[in-house]
Amino acid sequence: MSCAEPDQTLDQVQPGQSCRILRLTASGSIRQRLLDMGLLPGRRIQLVRLAPLGDPLEVRLDAGNSFVAIRRQEAFHITVTLEACTPSR
Amino acid sequence: MHTIPLTTARPGDIRGGIALIGQPNCGKSTLFNALTGLRQHVANYPGVTVEKKQGPMHLGDRRLNLVDLPGTYSLTAFSPEERVVRSFLLDSPPTLGIHVLDAAQLQRGLSLTFQLLEMGLPVICALNMSDVVRRQGHTLDPERLAELLGVPVVETVGRRGQGLDQLKREISGLLDGGRRVAARLPRYGALEPHIQAIMEMLPDSLKNRWMALRLLENDPEGKPLLLRHGLAPEPMEALLAEARSRRDRFQKDHDQDLADYVITMRDRHAHDLTSQCLNTGTGGQRVSWTERADRILLNRWLAPVFLLATIYVIYHTAIVQGYELTHYTWPLLAGIRNLAADWLPAAGFLHDPLSRSLGLWLLDSVNTLLNYVPIFLILFALIAMLEDSGYMARIAFILDRVLHRFGLHGQSTLPLILGGVFAGGCAVPGVMATRAIPDPRARLATILTVPYMNCLAKIPLYTLLIGIFFVDHKGLIMFFIATITIMVALLVAWLLTRTLLRPMETVPFVMEMPRYHLPTVRGVMRRALDRTWLYIKKVGTIVLAVAVVIFVLLNLPGLSTEEQAQFEQRAQTALNQFHDQIRDNPHGHLFQTPEQLMQALNLSNAYRARRMNMGTPEAVQSLDGRFEQADPVYFPFVRPGGGDRDVRAINRALRTLDQERRLLRMEMQETRIHNSLLGRAGRALEPLTQAAGFDWKINVALLSSFAARESAVATLGVLFQQEEGASQPLEERMGTAMGSTDGALVALALIVFFAIYPPCLATAIMVRVQTDSTGWMLFSIVFPAALGLLMASAVHSLGQAFMLDAIHMMIGFWVLILALLLMVGLWPRRMVRSGLATASPGGHTDGSP
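Protein chains in written order, with this note's numbering: chain Y, 5 to 93; chain E, 129 to 977.
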């Protein structure tokens, strides 16, 4: 993935890559659940690993010690921009 | 053992208690156990399958009721847990709430603290697991946090009981009214005027910021909540309309979703507070112990290995070793039965008093269940260890992909293992373990498929049939049984999810991966004991009731007068024969009256029953000694071998008589069953089961095995009894009766049917408990029965039509099921995103058909 195309959904991110959440494209219970687990717009997350069969994904929040597993189905609803592409603040 | 009285109290009955609130995995339950000690009540919240725990807490001379609320991340209405916590806090507000926060995830937890404070609930924060934070090299300032929040904050380490005294002091302080709590709430900027306006319209019992915000956020449960709190429909509609128009205005003005705005504001405030009281130190981020462990345990290639090893250890320890343990506990249960057999009115020659036969029948039914208690204790302890350690979430992570494909969930793994994926589990704890599955639809699909697994009680019938028909293909047929059940279960789960369960509520899979913890002995033991006790209580009582019903169905209306007369005549012949044999015997005077004779026969039976439990010659010797002492007159004639010629002659004659008596009683039992209501049902079902090759005897065995599967073999034993006195084992008797060529095919059909057979009664009850719906319980019985019969009929009829032998038929059937499974599993998946996005929030948890 190059920075020419900075916006992608979380299910397209590669293991090891860090990114920042731009927006959630789900509504209702999925949205609420994502927000409850700390997947809020503006948060920095890192894709730690994939499950042995490629789904679900494990994500680390805020470079902290909080880890969340999420199916590709739900990861699709999280639009992110890769950390490397974010203008440094 | 302590008793845990089950209360059926609704949440409203425990007014004024103290509530423990917190997110899952924050150590809430450990803290609860530490605060309440051993006396707890575990029950379900009415209408939902969410576990409700409460127990007394002693503070000086005060006795307070502590309620452990289910773990939730927030107080919206999207999951049953959230709805339970909400209605508890709003409808019967506790005096005080203790919010247990995971100190290592402070920012996320604080958002819930704010909501509690906005509800107007007096809160004490317990900063739990503060040791973890220190280990990460961070420092946390609880005093600063208390200052910023305006509520007491106590550092605790629940597992080591640290901070409990201070927590109790704070509770006492608040209850005495000595300290005022002035909570500082987050501000919502441009939303504030709207909050104020809505608050003014709220009924008194709900006049708080939280409720105002929920209405502005368009809470799906807002309407029933307001009605419950006494708002008339008209002002309620006006209130909702006002909230709606204000929401629309706000969203238009700010070009942002109002709910998002609220969450962002709370999160920002939480971030603010966290950064002020948490010092992350200067050193770089240390890689946590959990992350290091996961690099190995969740490694793409190693993960399946560790998973298989774990499953194997569970299976081996609980099922194999647990089963070994029952060899020690069974003599205990058998001993109780023997005591009861002595104590109950003595048996007659042909007829027993009703109190005796019913009493022993009930005791046998209960013993069958109690026999599994050691297995359950081990199993539940291991599950508790898996749960407490955090590995359970990893199992779900590894297997979710496969199971989700068929409508199940990563967390369905454990229930399926408990049910007996390989061979030898029990569906009752399996169904109980589905509690952990957060997704209601996947949970129900799991509940309905766990009974297909091969429970311990199915094994005796398999063994019997294999022993008769498939001696040369033992391994192959066991492989067939073990694999066919899981394949059928997956297909059924897939089918149900796509049809009946389709409209059900689903929850997205967003699961926290908890830190690894070392489970505590106390916590594990306590959970294992609690769950086993719950099993004994729930299942024991109901099994007793149904055992009575089955007894009646098997014994009424009994023998006709002619049959009765015929048996009596044969009994008389046998007695006459006996008296002929001992006429000239010097000890003959001891066996003249019927009472004397019955004393000898009953003594002989009691001796034989006990002798069967004795392993060593020494034990037999001491048994002999005891019997000799108890009945010095008759025992010499009962003991095999020994004594002079005359004693031995009587012993022989007695044995012949006893054999004849047992044969008569067995034939009587068969006639009685043949005449009985269940026998009639079995015969009435013959046309239906004909295609599968089942005759009425098999039907009766299958019907009676509904109470407990083990009884299938026992009933078959009675029904396929030998014609003459020759003691042929059941295997041979059934073999001759069923014929050897068609018999194997029938046996295969029976195996297929028994594998898919409806859950036993205990499991059905557990399905009722876990789904909270009689409809689903009936479905869990009827559907597998129909499916099983269909498959058994297919196997039998196809085999007959194509002149296939049983083994070829079995392989063909297996390949067919596997092909179906692969077709479903590998079919290109359509994206089902649209369906998920519209999953209705706040829908009913109960989707009874």
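Don't take each hint at face value.
What the hints assert, rightly or not - If you want the ones that stay clear, here's a sample from chain Y, every Cβ over 12 Å from chain E, calculated:
hint : residue
1    : Asp11
2    : Arg24
3    : Asp66
4    : Leu86
Stated by the list, open to error - Selected chain Y positions facing chain E (in silico; Cβ < 10 Å):
hint : residue
5    : Gln16
6    : Gly20
7    : Leu26
8    : Leu38
9    : Leu39
10   : Gly42
11   : Arg47
12   : Arg48
13   : Gly58
14   : Leu65
15   : Glu87
It should be emphasised that the hints constitute simulated quantities derived from the structure, not laboratory data.
We put the beta carbon where it would ideally sit given N, CA and C, even for glycine.
Practice item. Go through the numbered hints given earlier and state which of them the structure violates, listing their numbers in rising order. Key: Violated: hints 3, 5, 6, 7, 12 and 15.
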